[in-house]
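A.B. asks: Chains as they are written, first to last, in my numbering: chain A, 1 to 103; chain B, 1 to 295; chain C, 1 to 167.
It is possible that part of the hints are untrue.
[Said to hold, decoys possible] Pairs of lysine-lysine residues, derived as DSBU-like cross-links and limited to a Cα-Cα distance of at most 30 Å, are as follows:
#1 C/137 to B/78
#2 A/72 to C/75
#3 B/131 to A/80
#4 C/156 to A/72
#5 C/156 to B/56
#6 A/72 to B/97
#7 B/78 to A/72
#8 C/156 to B/78
#9 B/175 to B/108
#10 A/101 to B/59
#11 B/78 to C/159
[Said to hold, decoys possible] So these bits of chain B aren't anywhere near chain C, every CB distance computed over 10 Å:
#12 55
#13 75
#14 83
#15 88
#16 116
#17 127
#18 136
#19 141
#20 173
#21 222
#22 271
#23 295
Hint data in this document are derived by calculation from the structure and do not stem from the laboratory.
Just so it is clear, CB atoms sit at the ideal spot from N, CA and C, and this is done for glycine as well.
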Amino acid sequence: MASTIRVRATATGDTTEVQALIQHPMDTGLVKDAQGQIIPAHFIQQLTFEHNGKTVFLANWGTAVSKDPYVKFSFKGANKGDDLRISWVDNKGATDNTTAKIQ
Amino acid sequence: MFRTILCPAFAALAAAALACVAASAIAASDKADPKTNAGINPVADATAFRKFFTDKFPKVKLEEFVNGPYSMDEDLHKQWEEKEQFAPYEFALETGKDMFSTPFRNGKTYADCFPNGGIGIRQNYPYFDEKEGKVVTLELALNRCREANSEAPYSYVKDEMASLTAYMAFTSRSKPMDIRIPNDPRALEAYENGKRYFYTRRGQLNFSCATCHVQSPGEHIRAEILAPALGILNAMPIYRSEWSGMGTTSRRFITCNSQTRAVPLEPQSDEYRDVEYFLSYVANGLPISGPGARP
Amino acid sequence: MNLDRTSATRRLVLKGAGSVALIGAGVYLGFETGFGILPALAAANGKYPEEAFKQKSDADAIKALYGKTAEASDKVKLDAPEIAENGAVVPIAVATTLPDVTSISFFVSENPNALAASYVIPAGTVPAIANRLKMAKTCNVIAIVESSGKLFSATKEVKVTVGGCGG
Chain A
1 MASTIRVRAT
11 ATGDTTEVQA
21 LIQHPMDTGL
31 VKDAQGQIIP
41 AHFIQQLTFE
51 HNGKTVFLAN
61 WGTAVSKDPY
71 VKFSFKGANK
81 GDDLRISWVD
91 NKGATDNTTA
101 KIQ
Chain B
1 MFRTILCPAF
11 AALAAAALAC
21 VAASAIAASD
31 KADPKTNAGI
41 NPVADATAFR
51 KFFTDKFPKV
61 KLEEFVNGPY
71 SMDEDLHKQW
81 EEKEQFAPYE
91 FALETGKDMF
101 STPFRNGKTY
111 ADCFPNGGIG
121 IRQNYPYFDE
131 KEGKVVTLEL
141 ALNRCREANS
151 EAPYSYVKDE
161 MASLTAYMAF
171 TSRSKPMDIR
181 IPNDPRALEA
191 YENGKRYFYT
201 RRGQLNFSCA
211 TCHVQSPGEH
221 IRAEILAPAL
231 GILNAMPIYR
241 SEWSGMGTTS
251 RRFITCNSQT
261 RAVPLEPQSD
271 EYRDVEYFLS
281 YVANGLPISG
291 PGARP
Chain C
1 MNLDRTSATR
11 RLVLKGAGSV
21 ALIGAGVYLG
31 FETGFGILPA
41 LAAANGKYPE
51 EAFKQKSDAD
61 AIKALYGKTA
71 EASDKVKLDA
81 PEIAENGAVV
91 PIAVATTLPD
101 VTSISFFVSE
111 NPNALAASYV
121 IPAGTVPAIA
131 NRLKMAKTCN
141 VIAIVESSGK
151 LFSATKEVKV
161 TVGGCGG
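Whole structure, please, built from the sequences with the hints as guidance.
C.D. replies: Set out below in structure tokens:
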């Protein structure tokens, strides 16, 4: 799987719990490498979760979010088998997205 | 001072006197003493080792010791539980699974090198190879598999090796550690050598492994909480927050030696293989919990 | 009128946020945000709050993000460890029983820039979040919940230590 996004979305009744773990360095731009050069800031700025074309969660992140960032939240109105689309964009303009089925 | 604390705990052992002497003698000699073979009793050692920890921590369930520092502190345990919901080793585990099933250039796979296709066997490592006369660890076996199939070996401390062993450990999760010591004087000597290394003080700080992990589990070393030695390898390989990445048993042995200002050995050196043998054996029966996350 | 603007904003957020592409300073979604309301809405719209992330102190970051101040509330439950296992990965969660939550944000007072993360909570999303943040040193973690247009906060000190086996 080439995607950086791992998702676990589980529906219990009307509520779907979503956990996401994303592979990303989330470099702060404050750390030097072995040669003493600053490693430039490289971090996800926005992470969006959509269900039926509607945004159900939007994360605005800075460099203080941990490497390989994680987030958990819940939302209502989805059913098992529905699609959940997750996408992110980082400060370098890179993006990634994936679609997961709600279990 | 340490002698009086450690020795009574192992008073039941026939080899106790020898272990204490070895620990205090800072054995410069690593030659086998023919006299000690007769006194080596791994079964009694394992029983006493286990009893020492369960007596010291009556509230900790036996299988929980494999969680290291998390079994020693509530606040740490809670942070660990949260992280385990979606663990930092997740990516290495996935990579490991892909790597494991990817054939070598010659068409063979790792499965061809291992019993049961390499699945659910981690708890049997390390083992004593009677042909070679030495302890063989899982990492060693993996690199030998690669070399036998004309592939370059991996570094023993992290990256690919950590990913592969993460996957193999995962397929053995919750299986009890099951290390065998054949009735072979060389195997007994390797075991004893590992035990001796474990209890020998070394380096500037004059610490032995036991100083921290038998003497002071649950206590602080500067700002960190020490893990108990019982089951300490069951979670390997580990994602350490400190490393922001994965590391194998070799990585941890080396960094621990460095941090206690002792001379680190080469990965998979005889002493490291033997101490892994000893530590794994005395953890027999405790579940494999790897891959693991640690501070 | 403020309410109309908020719900119009929300509809646009829900339609537009999925297609936001950010390069450098960010992209406006093309709705009116004048009348000095921009700071107050910065948190609840789809725009990346660049200015708020640049602020040093939590007070300045909260101002840049929301344009108002918060009152402490025991209805905001902040879950954070006593002593962080490692300052690079501190699991922090917040949950609240407050109604009509539109935004939840986390600040780490002694970080170089106090704002760590800010979340938009559309209607239908439960106002409870768990995330993992970096903390440079022992200090306060502040969770802000925007409920019915007002800000409520909870604060907890988390100790961050360095040194041990890990050097």
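A.B. asks: Minimum C-beta separation from residue 141 of chain B to chain C exceeding 10 Å: can you confirm that?
C.D. replies: Per Cβ check, residue 141 of chain B is outside 10 Å of chain C; nearest 28 Å; holds.
A.B. asks: Are all beta-carbon distances from residue 75 of chain B to chain C longer than 10 Å?
C.D. replies: Non-interface label fails for residue 75 of chain B: nearest chain C Cβ at 5 Å, not farther than 10 Å.
A.B. asks: Would you mind confirming whether the straight-line C-alpha gap from residue 78 of chain B to residue 159 of chain C stays at or under 30 Å?
C.D. replies: Within the cut-off at roughly 15 Å; holds.
A.B. asks: Could you let me know if the closest chain C CB is still more than 10 Å away from the CB of residue 88 of chain B?
C.D. replies: 7 Å, violated
A.B. asks: Say whether it holds or is violated: residue 127 of chain B keeps its Cβ farther than 10 Å from all Cβ of chain C.
C.D. replies: At about 29 Å from chain C, residue 127 of chain B clears the 10 Å cut-off, so the statement holds.
A.B. asks: Does the alpha-carbon distance linking residue 156 of chain C and residue 78 of chain B stay inside the 30 Å limit?
C.D. replies: Distance ~16 Å between residue 156 of chain C and residue 78 of chain B Cα, so the pair holds.
A.B. asks: Does residue 78 of chain B lie within 30 Å of residue 137 of chain C when you go C-alpha to C-alpha?
C.D. replies: 20 Å, holds
A.B. asks: Checking the smallest CB distance to chain C, is residue 173 of chain B really beyond 10 Å?
C.D. replies: 22 Å, holds
A.B. asks: Far enough from chain C: is every CB of that chain over 10 Å from the CB of residue 271 of chain B?
C.D. replies: 20 Å, holds
A.B. asks: So residue 222 of chain B supposedly isn't at the interface. Is its beta-carbon more than 10 Å from every beta-carbon in chain C?
C.D. replies: Violated: least Cβ distance 4 Å, not greater than 10 Å.
A.B. asks: Confirm or reject: residue 55 of chain B is not an interface residue toward chain C, with every Cβ-Cβ distance exceeding 10 Å.
C.D. replies: Since the minimum Cβ distance to chain C is about 25 Å, residue 55 of chain B lies beyond 10 Å and the statement holds.
A.B. asks: Does residue 80 of chain A sit within 30 Å of residue 131 of chain B, going by the straight-line distance between their CA atoms?
C.D. replies: Distance of about 56 Å is beyond 30 Å: violated.
Hints 3, 5, 10, 13, 14, 15, 21 and 23 from the list above are not met by this structure, while the remaining hints are.
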